[in-house]
Amino acid sequence: MRSFRKELWFNTTNRRQFINITPQVQQCLDESGIKEGLLLCNAMHITSSVFINDDESGLHHDFEIWLEKLAPEKPHSQYRHNSFEDNADAHLKRSVMGREVVVAISNGKLDFGPWEQIFYGEFDGKRGKRVLVKIIGD
Amino acid sequence: MRSFRKELWFNTTNRRQFINITPQVQQCLDESGIKEGLLLCNAMHITSSVFINDDESGLHHDFEIWLEKLAPEKPHSQYRHNSFEDNADAHLKRSVMGREVVVAISNGKLDFGPWEQIFYGEFDGKRGKRVLVKIIGD
Amino acid sequence: MRSFRKELWFNTTNRRQFINITPQVQQCLDESGIKEGLLLCNAMHITSSVFINDDESGLHHDFEIWLEKLAPEKPHSQYRHNSFEDNADAHLKRSVMGREVVVAISNGKLDFGPWEQIFYGEFDGKRGKRVLVKIIGD
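Chains as they are written, first to last, in the numbering used here: chain A, 1 to 138; chain B, 139 to 276; chain C, 277 to 414.
The set of hints was computed from the structure by calculation and includes no laboratory data. Any given hint could be a false lead.
[As the list claims (entries may be wrong)] Straight line, CA to CA, 30 Å or less: simulated DSS-like cross-link-like pairs of lysine-lysine:
| # | chain 1 | residue 1 | chain 2 | residue 2 |
| --- | --- | --- | --- | --- |
| 1 | B | K247 | A | K109 |
| 2 | A | K109 | A | K74 |
| 3 | C | K311 | B | K247 |
| 4 | C | K345 | A | K109 |
| 5 | A | K129 | C | K350 |
| 6 | A | K74 | C | K350 |
| 7 | A | K35 | C | K385 |
| 8 | A | K109 | B | K264 |
| 9 | A | K109 | B | K173 |
| 10 | A | K109 | B | K144 |
| 11 | A | K74 | B | K212 |
| 12 | A | K6 | C | K311 |
| 13 | A | K69 | A | K6 |
| 14 | C | K345 | A | K69 |
| 15 | B | K144 | A | K6 |
| 16 | C | K282 | B | K144 |
| 17 | C | K405 | C | K311 |
| 18 | C | K311 | A | K126 |
| 19 | B | K247 | C | K385 |
| 20 | B | K207 | C | K282 |
| 21 | B | K247 | C | K345 |
| 22 | C | K385 | C | K311 |
| 23 | C | K345 | B | K212 |
| 24 | A | K35 | C | K402 |
| 25 | B | K247 | B | K207 |
| 26 | A | K129 | A | K109 |
| 27 | C | K282 | B | K212 |
| 28 | A | K6 | C | K385 |
| 29 | A | K129 | C | K385 |
| 30 | C | K350 | A | K69 |
| 31 | C | K405 | C | K385 |
| 32 | C | K402 | B | K247 |
| 33 | B | K173 | A | K74 |
| 34 | C | K345 | C | K405 |
| 35 | A | K6 | A | K35 |
| 36 | B | K173 | C | K345 |
Small disclaimer: the values here were computed from a predicted structure and weren't measured.
Go ahead and model the full structure; you've got the sequences and the hints to work with.
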């Protein structure tokens, strides 16, 4: 069994932002040389997500509106976590969107359906944060 | 390390529908001959889910009502994604229910608790869509 | 490829409770002797979760309030599942928080960011329930 590990760093312009990281994850897979196995891609921070969905800007706008409805950022004082922080909503939003994805590797490729793309979902940005890519297989 | 890959196809009668796919996943495991490892089962489409929960029709009804409350289908015009599509709600519902499950394989069996069953959750159906089963192990 | 399996048992005092299980999961990893691989940690019950977030009591309070808003326990009669049960809300809450986490194992350690901790999330407790830890790798 072979394994591969790499960290990807992001520093978003906005507090909340979605970044299509499929090219960087594909590059990790190419570097690994692994042909059959599983790839884990997870946020290393608890106020951001890695998820798979559509690369369509209208949908990303809908996600922003929807997540703000489910777990509003403001008023900050509505959350007990926000006595020393202001990011409780980011912890909640990340719970909806998920911490990680696991992707099958088949014939050296990300084994995806037609529209699957991997996104980094930032909910408390404007600072350097990391995503882990771990691949195991042969 | 051995690996196994199979696609399962579904074409639901309704726009939204839950299908217990545990027997098909079990059959994949039997075909693979793998005794110890991990099994990934994921929707290959971004408007459907694979999740583990109870095979109880009352609960499935509750899920339908609840997901419609969290991310209503109509009016379609409430979502920016729906300029050329009508399925923005399906993208959101699938985010709540999840894209994938990872299941332990122990002694050649799905290593499940007493009530765990794997479901395909369709949120934009009436057309052929796929689930991927990938197994790695020995 | 090596593999390791262990069940962790929990019996909470309250119906809903979060327990930091990182030390027990770390102990599983130590027992396994696996240095590079993937670790799956999942609830074996469909009314509880395993998730990764912050070990901060204010945030846990916020989660309780937020999950009760998204999927209220009472009145029990609002859910069709509750004809013979009273835990439909627990099935919904667990869907938001997730069944499982997959963690990279690198150099014999849980490959975590600075604040990542693994939690057992109980939504229908006061009885013995199980979490599965499965590790594969070398």
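We went through each hint and held it up to the structure:
Taking the CA atoms of K247 (chain B) and K109 (chain A), the gap is near 27 Å; set against the 30 Å cutoff, the hint holds. With a CA separation close to 42 Å, the supplied pair K109 (chain A) and K74 (chain A) exceeds the 30 Å bound. Pair hint K311 (chain C) plus K247 (chain B) holds up; C-alpha atoms about 25 Å apart against a cutoff of 30 Å. Of the pairs offered as hints, the one joining K345 (chain C) and K109 (chain A) is violated, with about 41 Å between alpha carbons and a cut-off of 30 Å exceeded.
In summary, the hint linking K129 (chain A) to K350 (chain C) is not supported, as the alpha carbons are separated by about 39 Å, beyond the 30 Å threshold. In summary, the hint linking K74 (chain A) to K350 (chain C) is supported, as the alpha carbons are separated by about 27 Å, within the 30 Å threshold. Taking the CA atoms of K35 (chain A) and K385 (chain C), the gap is about 25 Å. The hint holds against a cut of 30 Å. With a CA separation close to 29 Å, the supplied pair K109 (chain A) and K264 (chain B) stays within the 30 Å bound.
Proposed proximity of K109 (chain A) and K173 (chain B) is supported: the alpha carbons are some 25 Å apart, at most 30 Å. Taking the CA atoms of K109 (chain A) and K144 (chain B), the gap is about 15 Å. The hint holds against a cut of 30 Å. For a cut-off of 30 Å, the pair hint linking K74 (chain A) to K212 (chain B) stands: about 27 Å separates their Cα positions. Distance check on the hinted pair: K6 (chain A) and K311 (chain C) sit about 16 Å apart at the alpha-carbon level, within 30 Å; holds.
Taking the CA atoms of K69 (chain A) and K6 (chain A), the gap is about 35 Å. The hint is violated against a cut of 30 Å. A hinted pair counts as satisfied when its Cα atoms are at most 30 Å apart, and K345 (chain C) with K69 (chain A) qualifies at roughly 12 Å. At most 30 Å may separate the alpha-carbon atoms for a hinted pair to count; K144 (chain B) and K6 (chain A) meet this at roughly 28 Å. Distance check on the hinted pair: K282 (chain C) and K144 (chain B) sit about 28 Å apart at the alpha-carbon level, within 30 Å; holds.
For the suggested pair K405 (chain C) and K311 (chain C), the alpha carbons sit about 29 Å apart, so the restraint of at most 30 Å is met. Of the supplied pair hints, the one linking K311 (chain C) and K126 (chain A) is violated, its CA atoms being roughly 34 Å apart against a limit of 30 Å. Simply put, K247 (chain B) and K385 (chain C) have alpha-carbon atoms about 27 Å apart, close enough for the 30 Å limit, and the pair holds. Between K207 (chain B) and K282 (chain C), the direct Cα distance comes to roughly 38 Å. Violation of the 30 Å bound is thereby established for this hinted pair.
A hinted pair counts as satisfied when its Cα atoms are at most 30 Å apart, and K247 (chain B) with K345 (chain C) does not qualify at roughly 38 Å. A hinted pair counts as satisfied when its Cα atoms are at most 30 Å apart, and K385 (chain C) with K311 (chain C) qualifies at roughly 7 Å. Straight-line distance between C-alpha atoms of K345 (chain C) and K212 (chain B) comes to about 22 Å, which keeps the hinted pair within the 30 Å bound. Of the supplied pair hints, the one linking K35 (chain A) and K402 (chain C) is violated, its CA atoms being roughly 46 Å apart against a limit of 30 Å.
At most 30 Å may separate the alpha-carbon atoms for a hinted pair to count; K247 (chain B) and K207 (chain B) exceed this at roughly 37 Å. As the CA atoms of K129 (chain A) and K109 (chain A) are separated by approximately 26 Å, the hinted pair is consistent with the 30 Å bound. Taking the CA atoms of K282 (chain C) and K212 (chain B), the gap is about 46 Å. The hint is violated against a cut of 30 Å. Taken as a hint, the K6 (chain A) and K385 (chain C) pair is honoured in the structure, with Cα atoms around 15 Å apart against an allowance of 30 Å.
Distance check on the hinted pair: K129 (chain A) and K385 (chain C) sit about 20 Å apart at the alpha-carbon level, within 30 Å; holds. Proposed proximity of K350 (chain C) and K69 (chain A) is supported: the alpha carbons are some 22 Å apart, at most 30 Å. Under the criterion of a C-alpha separation no larger than 30 Å, the hint pairing K405 (chain C) with K385 (chain C) is consistent with the structure, at around 26 Å. Taking the CA atoms of K402 (chain C) and K247 (chain B), the gap is near 29 Å; set against the 30 Å cutoff, the hint holds.
Straight-line distance between C-alpha atoms of K173 (chain B) and K74 (chain A) comes to about 50 Å, which puts the hinted pair past the 30 Å bound. A C-alpha spacing of about 25 Å is found between K345 (chain C) and K405 (chain C), which places the hinted pair at or below 30 Å, so the restraint holds. Restraint check for K6 (chain A) and K35 (chain A): satisfied, since their Cα atoms lie roughly 17 Å apart, inside the 30 Å limit. Taken as a hint, the K173 (chain B) and K345 (chain C) pair is broken in the structure, with Cα atoms around 43 Å apart against an allowance of 30 Å.
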